[in-house]
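*Asks:* Protein sequence lines, in the order shown, are assigned to chains P and Z. According to our numbering, the stretch in the first sequence is residues 1 to 115, in order. According to our numbering, the stretch in the second sequence is residues 116 to 230, in order.
I should point out that these hints are in silico values taken from the structure, not numbers from a laboratory. Every clue listed holds true.
Derived list of chain P stretches under chain Z, where covered just means 3 residues or more per stretch with a C-beta under 8 Å from a C-beta of chain Z:
1) 26 to 37
2) 52 to 64
3) 71 to 80
We put the CB at the ideal spot given by N, CA and C, even for glycine.
Number of protein chains: 2
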Amino acid sequence: MREKVVHVSRVEPKPVTEGGARGTRIRWLISKEDGAPNFSMRYFEIEPGGRTPRHSHPWEHEIFILEGEGLVEIGDREYEVGPGTAVFIPPDVFHSITNTGTGILKLLCLIPHVD
Amino acid sequence: MREKVVHVSRVEPKPVTEGGARGTRIRWLISKEDGAPNFSMRYFEIEPGGRTPRHSHPWEHEIFILEGEGLVEIGDREYEVGPGTAVFIPPDVFHSITNTGTGILKLLCLIPHVD
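If we strip away everything but chain P, and leave its shape as in the complex, we get (with noise of 0.2 Å):
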């Protein structure tokens, strides 16, 4: 296993195209194929008026705000979220986020390896 020293700017970025995603794009900065054990680090871009589709799956997400305006919908709640806020998402709750300002959303978005 070897270490992984990596700029953002260097991942390609993915659009996430899953149901209901608009303006989104995902770069994976650390997962399995980079040999971690446990967890992967990702990067999301939502454009503005872009949003990730509300959805649940049985892991969770550990989710930091790097730049932009948000508001995450976790279960029947909404949080306005901006740079500094960290949101903890349970398991098996419906959850979405939308970029509600007028730059672009960016966050870090970690979850366990799930397979």
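Take the given structure of chain P and dock chain Z to it, following the hints.
*Replies:* For chain Z alone, kept in the frame of chain P given last:
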């Protein structure tokens, strides 16, 4: 298990005092105490000239640099890092982080639950 949404400024910083650390503070943003099932998100601030101890342990780090300039030592290699750099440090490899800039070095460091 409940969600958690918190701004970093609302989480108390604690000095890191283990062997050799200088000018380093940690804020536990998401941890077992919040019900996180698999891994913890910590926010570090390292003062100019400060550093984390050189040490190793049987769990990995997944790091993202938020602000500042630093040098990350991993085994016998060194990497200059800045905002937007992601770093994977495998288990059981000696490592340290030194602030080489004039501002505070701010970073996220995530670890799996280890007990």
